[in-house]
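With the sequences and hints as input, model every part of the structure.
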Amino acid sequence: MKILTAARMERCIGCHSCSFACARLVHKLLSWNTAGIRIASSGGLSTGFEARVCLACDPAPCAAVCPSGAMVARKKGGGVRFKRDLCIRCGKCAEACPVDAIYLDLKSRPYVCIHCGRCVKFCPHECLELRDSEDKNPAGEGKP
Amino acid sequence: MIRDYFKILVVDLETGTGKVENIEGRDIYIGGSGLGAHLFNLYGYPERPWDNPEQPLIFSIGPLTGLFPLMSKTVCSFKSPYHDQFAESHAGGRSALALKFADYDALVITGKARRLSCLSIGMRHLEVRDIQFLAGKDVFTTGKILRKMYPGSGHRSILRIGSAGENLSAMACINADTYRHFGRLGSGSVMGSKNLKAIVIQGDGSFALPENKSYPEVYRKVYEKMTATDMMSKYHNLGTAANLSTLNELKSLPWRNLQATADEKIDNITGEKFADEALLRNGACAGCPVGCIHIGFVREKFMEQNQYLYRQVAYDYEPIFSTGSMLGVTDPFAVLGIMDEIEKVGLDVMSGGVALAWATEAFEKGLISEKETIVPLAFGNSDSYKKAVMYLGEARNEFYKLLGSGSLVAASKYGGEDFACVLGQEMAGYATGETFYVAESLGFRHSHLDSSAYSWDQKHDTKDENEICDVLIAEESARSYVTSMVACLFGRGVYTLEQLTECLESVGYDKIAENMQESGDRIQALRWKTRFDTGYNPDKIKIPKRYLNVTTWKGKTDPVFLDRLKEKYASRIKELVSAESLKNLKIDIKSK
Numbered sequence: 001m002k003i004l005t006a007a008r009m010e011r012c013i014g015c016h017s018c019s020f021a022c023a024r025l026v027h028k029l030l031s032w033n034t035a036g037i038r039i040a041s042s043g044g045l046s047t048g049f050e051a052r053v054c055l056a057c058d059p060a061p062c063a064a065v066c067p068s069g070a071m072v073a074r075k076k077g078g079g080v081r082f083k084r085d086l087c088i089r090c091g092k093c094a095e096a097c098p099v100d101a102i103y104l105d106l107k108s109r110p111y112v113c114i115h116c117g118r119c120v121k122f123c124p125h126e127c128l129e130l131r132d133s134e135d136k137n138p139a140g141e142g143k144p
Numbered sequence: 001m002i003r004d005y006f007k008i009l010v011v012d013l014e015t016g017t018g019k020v021e022n023i024e025g026r027d028i029y030i031g032g033s034g035l036g037a038h039l040f041n042l043y044g045y046p047e048r049p050w051d052n053p054e055q056p057l058i059f060s061i062g063p064l065t066g067l068f069p070l071m072s073k074t075v076c077s078f079k080s081p082y083h084d085q086f087a088e089s090h091a092g093g094r095s096a097l098a099l100k101f102a103d104y105d106a107l108v109i110t111g112k113a114r115r116l117s118c119l120s121i122g123m124r125h126l127e128v129r130d131i132q133f134l135a136g137k138d139v140f141t142t143g144k145i146l147r148k149m150y151p152g153s154g155h156r157s158i159l160r161i162g163s164a165g166e167n168l169s170a171m172a173c174i175n176a177d178t179y180r181h182f183g184r185l186g187s188g189s190v191m192g193s194k195n196l197k198a199i200v201i202q203g204d205g206s207f208a209l210p211e212n213k214s215y216p217e218v219y220r221k222v223y224e225k226m227t228a229t230d231m232m233s234k235y236h237n238l239g240t241a242a243n244l245s246t247l248n249e250l251k252s253l254p255w256r257n258l259q260a261t262a263d264e265k266i267d268n269i270t271g272e273k274f275a276d277e278a279l280l281r282n283g284a285c286a287g288c289p290v291g292c293i294h295i296g297f298v299r300e301k302f303m304e305q306n307q308y309l310y311r312q313v314a315y316d317y318e319p320i321f322s323t324g325s326m327l328g329v330t331d332p333f334a335v336l337g338i339m340d341e342i343e344k345v346g347l348d349v350m351s352g353g354v355a356l357a358w359a360t361e362a363f364e365k366g367l368i369s370e371k372e373t374i375v376p377l378a379f380g381n382s383d384s385y386k387k388a389v390m391y392l393g394e395a396r397n398e399f400y401k402l403l404g405s406g407s408l409v410a411a412s413k414y415g416g417e418d419f420a421c422v423l424g425q426e427m428a429g430y431a432t433g434e435t436f437y438v439a440e441s442l443g444f445r446h447s448h449l450d451s452s453a454y455s456w457d458q459k460h461d462t463k464d465e466n467e468i469c470d471v472l473i474a475e476e477s478a479r480s481y482v483t484s485m486v487a488c489l490f491g492r493g494v495y496t497l498e499q500l501t502e503c504l505e506s507v508g509y510d511k512i513a514e515n516m517q518e519s520g521d522r523i524q525a526l527r528w529k530t531r532f533d534t535g536y537n538p539d540k541i542k543i544p545k546r547y548l549n550v551t552t553w554k555g556k557t558d559p560v561f562l563d564r565l566k567e568k569y570a571s572r573i574k575e576l577v578s579a580e581s582l583k584n585l586k587i588d589i590k591s592k
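Protein chains in written order, with the numbering used here: chain A, 1 to 144; chain B, 1 to 592.
Because the hints were derived from the structure by calculation, they are not lab data. Hints may contain errors.
[Claimed, not checked] Below, a list of computed lysine-lysine pairs in the BS3-like style, where the Cα atoms sit at most 30 Å apart:
no.	chain 1	residue 1	chain 2	residue 2
1	B	K540	B	K413
2	B	K234	B	K221
3	B	K213	A	K107
4	B	K213	A	K83
5	B	K213	A	K121
Here it is in structure tokens:
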């Protein structure tokens, strides 16, 4: 299984192109919120940026608390699949996420990264990387 | 298409309430510049002074904001404290996208709050909160405190003013998200006059995209042009600072209050020098993958035993010209140190630097002394400039109060009008020749970006005023269209009319794509009409004598040609608002 990692966020310039790509290509929306990856400044633009994105927990706490079977753990490699039709919009998944990676829109619909990697090629500085979940020591991690 | 009309929010600071209005005219006024002028005609009072509480402060965005890369700017329209006429200032940062995702095409602010306040808006909220405790706080401290008070990190825009805005300086800017600015012509003081210290715009909405295959494909194509080709490299590589050496070479870079146009010390403050020694990292406006924001650092020892502090300062060509060559300061870190002080008090860096250059020459000539300036001013003395900037922002005494109203205002009391580098407002950094002097002096924004005059001068030395005016008027029309979209002008190489048409059609704005030429002409005329309604008279604008002493690669300024060109350009601008022209363009707005 592949997972998305925000491996080189020191390079991030805050353009939000990744979030727009996810919203546009995965969710067919224009947004920087309703996306599987969201960019926040970590205390103003002077302190750089951080990505709010699924870290592919294994087991996934969001799936564990989902009462309706909408958030389901992937078979291996961590991360979840989201079945929109089954979601009752209780918001427990977002509450359970330890890194604020699940976004609830104004109608409490959750948005989470599905590790498809479509955002990767829209990052102008190669901050993002789609890699094999088995790879515990990826080439880009932590490198500027 | 999200909607075929404008949805705007009109906030009255007096009552702390707002009203959502749906305004027709999307196909005619488009957004940005066009919408700003239209809204001023609906909500403004041309005959009342700029600080009348009812005058509107308008922020407007375009039909493609957020939908395509580099559609990332906001236009601020207001009546200027500099000349009490209708004006515009543009900024990037996050404000455009925040406004888009708050679901408004424009924000109109009227009235005056009883005490210093912050306006906060989003898709689901509107609040005017008393923040009197931030009175006198600098721009950075204000930003830090507001970030704690309001939610939405990363997806909000924080616009705020410093002491210059609170003191109603004609040079006060609005700081947009720390590193960008609504810089020129004093919009910061319009906020100050309204007791509005800050505006927080939270972009918390999202929109359905058109269900076609065209939009993602057109987006991909534009994105690739912006990132995978070298079309934008000059903006993200050295940035606009690359121009310093080019203009110095062309004998067109103002030095020491324009007493020279080239200097061998240029090597210390080139774009390369800043990149090699002072560049910390790059940043971007939200929605722009180019990342033209160059952030340098200043490091200061504040205590013995190696105790240092550091700050981050965004630089560009114009800030380096105005606090570097214009002030004779030739150390990158000293230049950044002055910029940093200017940022804190919330002054427009170009206006502030050029005004201090005039003050320095006036000091040297004995027209003013330390009685006025408090610190001795001398070209190259960055420590004095850092203090002078603070006094200017704070309007510390009568001299600095007058200087904050414009160099010519101070010169009318102390003398030295001949060497005030004022072209409508304190000059931009292009001593390129007669075309630029005339174009900036008379131009709508008194900006080098009104037209391509500075570029023309660098390539031509013909003296055909008719040909030049044709170019300037046509270029201004084209730029009026682009600044109504509201695209960053750095993207103009990619956003050709063909490309814009494709973009607009992919999201259903076919009507805006039609008749681009006519739309540009109409918006150009509408802006000028609004300007004339508020008192603009090109015949009253004088070009100071200093410009007659300037020597560029083309030689010395030709005073006869300068006058001829000025007269012709003034007549061409007047033609734009003739009854016949307005009728042809179907402009029939009744101002209040």
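Quick rundown of the hints versus the structure:
Only pairs whose Cα atoms come within 30 Å are accepted, and K540/B paired with K413/B is accepted, the gap being roughly 19 Å. Distance hint between K234/B and K221/B is fulfilled; the C-alpha atoms sit about 20 Å from each other, no more than 30 Å. Of the supplied pair hints, the one linking K213/B and K107/A holds, its CA atoms being roughly 27 Å apart against a limit of 30 Å. A distance of roughly 24 Å separates the Cα atoms of K213/B and K83/A; the hinted pair therefore holds under the 30 Å criterion.
About 19 Å separates the Cα atoms of K213/B and K121/A, which keeps this hinted pair within 30 Å; it holds.
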